[in-house]
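Colleague: Generate coordinates for the entire structure from the input sequences, incorporating the hints supplied.
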Amino acid sequence: MYTQYLLLFGKKKKLNNQKKKDEILSSSNVNIANLDEDIVEETDDSEWWRDQLLQRLSEMNPYKFEELIVNFMRKIGIKMDTTSKTGDSGIDGIGYLRTPELMTYKIVLQTKRFTKGPVTGPDISNFADTISGHNADRRIFVTTSTYTNNAVSRARQGSNLITLVDGDELVDLLFEHRMGISEKTVVVINEKMFPKD
12 MYTQYLLLFG KKKKLNNQKK KDEILSSSNV NIANLDEDIV EETDDSEWWR DQLLQRLSEM
72 NPYKFEELIV NFMRKIGIKM DTTSKTGDSG IDGIGYLRTP ELMTYKIVLQ TKRFTKGPVT
132 GPDISNFADT ISGHNADRRI FVTTSTYTNN AVSRARQGSN LITLVDGDEL VDLLFEHRMG
192 ISEKTVVVIN EKMFPKD
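Taken in order, the sequence shown gives residues 12 to 208; the numbers are from my numbering.
Please note: incorrect hints may appear among the correct ones.
Below, in silico cross-link-like pairs of lysine to aspartate or glutamate (DMTMM-like), each with a Cα-Cα straight-line distance of 20 angstroms or less [as the list claims (entries may be wrong)]:
| id | residue 1 | residue 2 |
| --- | --- | --- |
| 1 | Lys96 | Asp140 |
| 2 | Lys75 | Asp92 |
| 3 | Lys90 | Asp148 |
| 4 | Lys127 | Glu70 |
| 5 | Lys96 | Glu70 |
| 6 | Lys127 | Glu180 |
| 7 | Lys96 | Glu78 |
| 8 | Lys117 | Asp140 |
| 9 | Lys127 | Asp92 |
| 10 | Lys123 | Glu78 |
| 11 | Lys90 | Glu112 |
| 12 | Lys117 | Glu78 |
| 13 | Lys195 | Glu58 |
| 14 | Lys117 | Asp148 |
| 15 | Lys195 | Asp183 |
| 16 | Lys123 | Asp179 |
| 17 | Lys86 | Asp62 |
| 18 | Lys123 | Glu202 |
Calculated from the structure, these hints are not laboratory results.
Modeller: Put into structure tokens, the structure is as follows:
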């Protein structure tokens, strides 16, 4: 799913064993048969960058996090505005999505930049109660954390379901739409192949 990277760092790190080195080199598209083993940094990019991004999201200013998610909604085609920072009753964005079939849906958004613990059932119920007066067609709840089983159950109650986006899915979405994330190809020159002496 994700491109495998071979990363080189200024400070050197030795690999623990030859098997580990072989696994890294075989997963790379770069031919580096004679590369010095002390400059290869092992990374599992499917986890490393994801963990780093999720950590960054969790450490964001809460209002900046709201803005990021509202901007993401705009990028995927929802015309959304942030609500005022005070008196918003927990709603962070209100927007409209127009489909190719000329249908328009009103969407309300809540974001929770949680650093500890999952989103619970009462959190979802509070959101559902808050938005009842907004006549929204769709509801979206985005968090950097996870959801309890009770939260998932409450999001599926009634006729107006709540779309839940957890931290892992948020990372996937940001990657898919290239919001703050880019891929770079690393070119490695094996200096042993080009000796000066």
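Colleague: Hint by hint, work out which the structure violates, then give me just those numbers in ascending order.
Modeller: Failing hints, ascending: 9, 17, 18.
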